[in-house]
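There are 2 protein chains.
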Amino acid sequence: MSKRIGVALLGRGVVGSQVMRLLDEQAADLAARVGAPLELVGVAVRRPQRHKDIPAHLLTTDAESLVTRDDVDIVVEVIGGIEPTRSFLLAAMKAGKSVVTANKALLAEDGATMHAVARETGADLYFEAAVAGAIPLVRPLQESLVGDRVNAVLGIVNGTTNYVLSRMDETGASFGEALEEATALGYAEADPTSDIDGFDAAAKAAILAGLAFHTRVTAADVYREGIADVTAADIASAKSMGCVVKMLAICERTTDADGESVGVRVHPAMIPRSHPLASVNGAFNAVFVRGEASGELMFYGQGAGGAPTASAVLGDLVAVARNRVSRGRGAGESAYADLRIRSMGETQTRYHVSLDVVDRAGVLAAVAHAFAEHDVSISTVRQVGRGEDATLVLVTHVATDAALSRTIDDLRRFDVVREVASVMRVEGET
Amino acid sequence: MSKRIGVALLGRGVVGSQVMRLLDEQAADLAARVGAPLELVGVAVRRPQRHKDIPAHLLTTDAESLVTRDDVDIVVEVIGGIEPTRSFLLAAMKAGKSVVTANKALLAEDGATMHAVARETGADLYFEAAVAGAIPLVRPLQESLVGDRVNAVLGIVNGTTNYVLSRMDETGASFGEALEEATALGYAEADPTSDIDGFDAAAKAAILAGLAFHTRVTAADVYREGIADVTAADIASAKSMGCVVKMLAICERTTDADGESVGVRVHPAMIPRSHPLASVNGAFNAVFVRGEASGELMFYGQGAGGAPTASAVLGDLVAVARNRVSRGRGAGESAYADLRIRSMGETQTRYHVSLDVVDRAGVLAAVAHAFAEHDVSISTVRQVGRGEDATLVLVTHVATDAALSRTIDDLRRFDVVREVASVMRVEGET
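Note that the protein sequences, when read in sequence, are chains D and Y.
With the numbering used here as the guide, the letters of the first sequence map in order to residues 1 to 430.
With the numbering used here as the guide, the letters of the second sequence map in order to residues 1 to 430.
To be clear, the hints were calculated from the coordinates, so they are not data collected in a lab.
You may find that some hints are simply not true.
Derived list of chain Y stretches under chain D, where covered just means 3 residues or more per stretch with a C-beta under 8 Å from a C-beta of chain D [claimed, not checked]: (1) 141–147; (2) 179–187; (3) 308–320; (4) 409–420.
On a predicted model such as this, the values are computed, not experimentally measured, just so you know.
By construction, the Cβ of each residue, glycine as well, lies at the ideal position given by its N, Cα and C atoms.
Sequences are here, hints too, so could you generate the full structure?
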């Protein structure tokens with residue numbers, strides 16, 4: 001067995017605590033798998049007085065010094081955030097350390113710098129825990145499917161929004177009521193903005209798209225809509241169509257006259273109840289991958305939480321530790337393809353449009369005309385009269401987002417249209 | 001970019017043809033991902049006259065010479081079988097070549113020799129394609145979950161038996177009728193013994209158990225029952241219980257007074273229709289993995305077929321080619337745990353027992369007594385009278401296989417029991 005591998009842990013919150021527990025409880029197994037014992041040599045925290053259960057000699061508030069210490073071989077980062085975390089990890093790699101991180105925001109915002117420094121220094125930079133907790137996705141995309149041509153990734157990658165939408169579907173609750181319940185049960189954070197507005201899902205989508213298509217995608221490239229505007233009426237309308245509303249992350253590779261491009265988007269959408277993602281409820285995550293040769297694959301499991309995320313961190317930790325023992329190196333970033341990012345306007349999908357209209361002869365003709373003018377073909381129309389007004393629910397065939405937007409702009413100017421109550425994309429049909 | 005990597009292909013059947021197609025069509029992408037072009041330098045076949053569409057200079061009948069040729073860096077094996085394939089691959093590794101194989105039978109029968117030679121020679125031996133086609137399982141178990149403690153693997157890993165059982169469930173057909181249909185549609189081979197009798201699933205189960213529990217499991221360690229004895233009555237009885245019959249591969253790690261042990265078995269079983277594996281139909285495969293920290297994970301996709309299997313082969317090919325470029329090496333076998341293999345008699349599960357009995361007062365009491373004598377507790381009983389005889393359907397609570405077998409032996413000796421019509425395990429409930 002080789003000499004011991006020193007591990008520095010940055011952050012000791014929910015995930016960090018579980019990482020420490022597993023390092024301790026499974027020490028013998030981990031050592032056997034690595035070929036050398038893993039030894040936790042330091043834990044960087046902000047307030048040491050809150051961590052009196054840890055031996056004092058392990059604790060430090062000086063993460064900057066810890067990551068370059070001689071007795072550290074691998075830095076495990078579960079602090080999150082962009083700075084100062086990025087500086088710590090860059091310093092670690094420049095000092096010859098391997099890095100394991102669960103930091104989706106950093107990789108989605110500035111993966112370019114992180115991967116460039118990993119390449120220059122020869123350091124391992126592993127991040128399975130950054131996407132969908134314990135579900136193996138990074139390694140399958142980066143290695144198992146590396147000989148295939150992946151054309152689409154479609155997934156539920158945020159547990160909070162999935163819980164809220166599941167509850168709205170099950171109970172008919174409003175968004176506000178369902179979010180309140182999620183907060184009370186601990187499924188939503190005190191400030192749920194990052195989840196509800198889709199920032200968390202967008203970061204994961206950027207990372208997944210980069211891996212799947214061998215190109216660089218940043219969080220800023222991802223079209224993003226949150227779920228705060230999803231109404232009980234949308235959920236009910238989806239139900240009447242045999243659909244369910246899910247917050248989806250969608251990564252697509254398209255080839256047209258201008259060559260290949262990549263579109264990445266995160267938004268609520270209606271999918272058929274028969275779709276395998278429709279039955280992924282509560283805090284679970286699932287990701288579909290469509291490869292040219294592999295066909296459709298699905299990966300399912302717990303996408304968040306201390307222990308599942310720690311499972312992914314430990315998997316990476318063992319892998320980079322093995323690499324240190326064998327003096328090898330894992331697969332680095334593969335972003336050679338340098339594909340164009342498609343604008344949201346170019347995206348092609350179907351739409352569910354709900355309009356509050358005056359209940360008068362000729363209204364449907366006028367509305368239909370607006371769609372036709374922008375080449376948006378209508379698949380179904382349903383009119384629900386209610387006194388003076390009526391609700392008109394239309395589902396389109398496939399159209400570009402730009403054409404649909406122009407149609408909606410026109411409709412908003414119609415006197416007979418009192419309100420465009422909702423517009424939602426319809427996905428998961430082939 | 002490094003100098004080209006020479007690839008030798010052994011076998012050019014359904015999978016080999018797809019490997020050749022992908023190597024050709026995706027040459028530029030593969031080269032970019034590896035950092036060096038992959039060049040097919042030889043294809044070993046038995047009858048060259050059947051492969052006139054391939055340039056003659058690539059073809060050879062002399063696989064033995066091909067695998068050690070100087071211009072070969074990686075040997076891809078899709079011939080199958082134990083010998084002479086094993087000799088070819090051992091010779092290749094001893095000559096410094098990396099090996100990518102889809103050969104589940106060889107790895108399940110003699111993985112020990114294969115892995116030992118890989119270790120001695122420092123060769124990469126990759127085999128993602130050996131288990132469940134395109135579904136990434138080997139790498140997730142070997143790497144993503146290597147920091148976790150996997151306690152169970154439960155899966156549908158054979159498409160032929162799954163197709164036959166799905167059809168029996170959908171149409172009420174007998175086993176013979178459903179198999180005939182599967183053969184006509186190409187879902188079953190002309191000689192379906194390996195699939196129907198569970199040899200194929202047992203080989204995969206042995207490989208999965210070894211990976212999951214870091215121990216050595218061979219095909220001979222796997223308890224195996226095929227599906228030929230599953231009757232339309234079993235399927236109907238499962239239905240009436242809200243269950244469906246599936247051919248399952250089950251790998252379990254158990255800790256008791258004697259320490260840790262591993263049980264691996266392949267047999268038809270009833271699972272609740274609400275279980276995620278229940279809706280995996282036709283030729284699809286799915287595998288559940290339960291880890292201590294990760295919780296439940298599921299992997300789903302096409303488990304067989306030329307293109308899906310070739311996707312897995314190409315993924316391995318790119319990985320070992322990258323390793324050659326970087327002069328590194330992938331994770332080798334991890335079988336340090338050396339766990340005891342539990343006998344089938346020690347296995348604990350529930351049972352569905354169907355008895356043809358004489359319809360007479362006191363029969364149920366006698367039958368119940370037989371179960372009680374062997375400490376097998378009964379969960380439900382259903383009696384269906386039919387003239388002079390009756391059918392008694394019992395479902396037990398959890399009991400050992402040995403206790404259940406002794407109970408059945410006793411029942412067979414009862415005058416009032418005309419026949420033990422069927423005994424089937426009930427799985428997937430917690």
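(message) Output the indices of the hints that this structure fails to meet, ascending.
(response) Numbers 2 and 4, in rising order.
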